[in-house]
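K.L.:
Chains as they are written, first to last, in numbering that gives the first Met the number 0: chain A, 0 to 390; chain B, 0 to 151.
Rather than coming from a laboratory, the hints here were simulated on the basis of the structure.
Among the hints, a few may not be true.
Listed next, the in silico EDC-like pairs over lysine to aspartate or glutamate satisfying Cα-Cα at most 16 Å (straight line) [said to hold, decoys possible]:
hint : chain 1 : residue 1 : chain 2 : residue 2
1    : B       : Lys83     : A       : Asp120
2    : A       : Lys76     : A       : Asp120
3    : B       : Lys10     : A       : Asp44
4    : A       : Lys155    : B       : Glu123
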Amino acid sequence: MLREVAIVGIGQTKYTTTRNEETYEELIFQASKLALDDAGLSPEDVDAVVLSIAPEALFGLDHPENWVVGAGAALNKPVMRISTGGATGGSAAQAGFFHAASGLFDTVLVVGTEKQGDTPDTQLILNKIMEPRYEIPFGLNAISMTAFQAVRHMRKYGTTQEQLALVAVRSRANALNCPYAHLRAKHTVEDVMKSKMLVWPLKLYDCPPRSSGSCAVVMMAGEKAKKTGRPLAWIRGLGATSTTYYIGDKLSGTTFNEHGEWDELALAVKSAYRQAGIKDPSREVDVAEIYAPFTIAEVCAKEALGLCERGQASSLEEKGHWNMDGKLPVNPSGGALASNPIAVTGLARVAEAALQVTGRADARQVGGAKTALATAIGGTYQFHTVMVLAS
Amino acid sequence: MSEELVFIPGKWEIPYHYAAGKVSSRFFVELRDNKRLLGVKCPQCGRVMMPPRGFCERCFVAADEFVEVGPEGTIQAFTITMEKWPGNPDPPFAVAYVKLDGADTAMLNYVTGLDFSDLNETSEKLGIGRRAKAVFKENRTGQVTDFEYILI
Chain A
0 MLREVAIVGI
10 GQTKYTTTRN
20 EETYEELIFQ
30 ASKLALDDAG
40 LSPEDVDAVV
50 LSIAPEALFG
60 LDHPENWVVG
70 AGAALNKPVM
80 RISTGGATGG
90 SAAQAGFFHA
100 ASGLFDTVLV
110 VGTEKQGDTP
120 DTQLILNKIM
130 EPRYEIPFGL
140 NAISMTAFQA
150 VRHMRKYGTT
160 QEQLALVAVR
170 SRANALNCPY
180 AHLRAKHTVE
190 DVMKSKMLVW
200 PLKLYDCPPR
210 SSGSCAVVMM
220 AGEKAKKTGR
230 PLAWIRGLGA
240 TSTTYYIGDK
250 LSGTTFNEHG
260 EWDELALAVK
270 SAYRQAGIKD
280 PSREVDVAEI
290 YAPFTIAEVC
300 AKEALGLCER
310 GQASSLEEKG
320 HWNMDGKLPV
330 NPSGGALASN
340 PIAVTGLARV
350 AEAALQVTGR
360 ADARQVGGAK
370 TALATAIGGT
380 YQFHTVMVLA
390 S
Chain B
0 MSEELVFIPG
10 KWEIPYHYAA
20 GKVSSRFFVE
30 LRDNKRLLGV
40 KCPQCGRVMM
50 PPRGFCERCF
60 VAADEFVEVG
70 PEGTIQAFTI
80 TMEKWPGNPD
90 PPFAVAYVKL
100 DGADTAMLNY
110 VTGLDFSDLN
120 ETSEKLGIGR
130 RAKAVFKENR
140 TGQVTDFEYI
150 LI
């Protein structure tokens, strides 16, 4: 029998391209300290630490977990590194939950950092996540693997580049309300459409910035959490699915896992909704923090999450449905289109969702939010995680 | 106290030679020597996998029966890269996942012979469902780039 688990503390640093005033471990320290202070705890209160660390070539430190033990409040404690590419933060949050829910640990710190500003070559590194025999030679990277998805979705549902641009406009405008956000701007659809074409049909403004920064959350077993007197964000449901590496296996239109559909996320969220007792997510979810580093990714995710019918996310976008004053606000923080510190983008979604359901999201607060979703995505759109948080 | 921030230069230069393995080696040798494209058939579900690999992850059985596929096929997805990134060819260039005739999955390669002056027009030509054909290079070295696609 699993124990209930709540998030009792959150720490985030400002996300920017470079963090030249801190080393990798100093960034881990900053977020850990912020989260523990927020929870009113000291390092001795932590029973186990989960490190949220994505591919190390992004910041050029091999085996980085070896020098962040002290910075992550993990001295003399068990530590575990979780890595599922972009989904790392979502998986790390789930691992944190498992630690506390199992009954083996009462208080768990989940912390990670990204420092991709230390190299200019993010897309070169993301080419190296591909299959060396068959796919690396074709310049495949995160942007092109997403462009395939856009082409499929546009073909099937008639999604337009202008509709995708609206996702970027909303995300960057929301980011103006988030003090941690990297790219905060009043873009127009025209700005997005006129931005440089990178990989057709995706333009510069359809893509995320390269962000550095750190994030941490403190999770605590329920009974103990209630005694802290802190605002509690309860983890009410979670799900995760993984799928094939091979994009070419997901393009026949006859298989379950279609590259342009994110059926795996639909599968993951099904169990999360069941655990949380959510029957109609389009009415019962108050706010969603979706890991969507590209405009098309958010469209696919919202449809897979059942927040609307398949193929309807973009027409709802045009009606303002996902805006801060719309029926179901998505990414009040600006999401990954505003800040994409890859190792912790997924953890930041959990942190932001927790802030929303505890009414602590300040200028980006969705009024009366009680139930929030946090998702993450990694690999060649292979690893999907989702968490339901509630007050 | 100095406000200057110091940077330590670093570079990872690590050579690898990835063993392609027995199954893929057969594909590369056949491509190089005989200009033929081989997929691998799952002994259980019969799915012909391209690019070839040593097992079917759906049936979870080993696979080593080779089946010739293509050289023609159908485009399933494509992109046109317009930006220069280190390690990539100079833009513009197009790549597509093509399901070669006789295969059940699609394989990535460059699509050459395209005009990129109007991207909307190019993307229309490259559209999902369009037919393409594998063509083989004169000098082949046993790499995946020994062939490429052209529209037919």
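K.L.:
Compare the structure with each hint and give your call.
P.N.:
Hints, one by one, checked against the model:
1. Lys83(B) to Asp120(A): holds, 11 Å
2. Lys76(A) to Asp120(A): With Cα atoms ~35 Å apart, lysine 76(A) and aspartate 120(A) exceed 16 Å; violated.
3. Lys10(B) to Asp44(A): violated, 39 Å
4. Lys155(A) to Glu123(B): holds, 14 Å
Hints 2, 3 from the earlier list are contradicted by this structure; the remaining hints agree with it.
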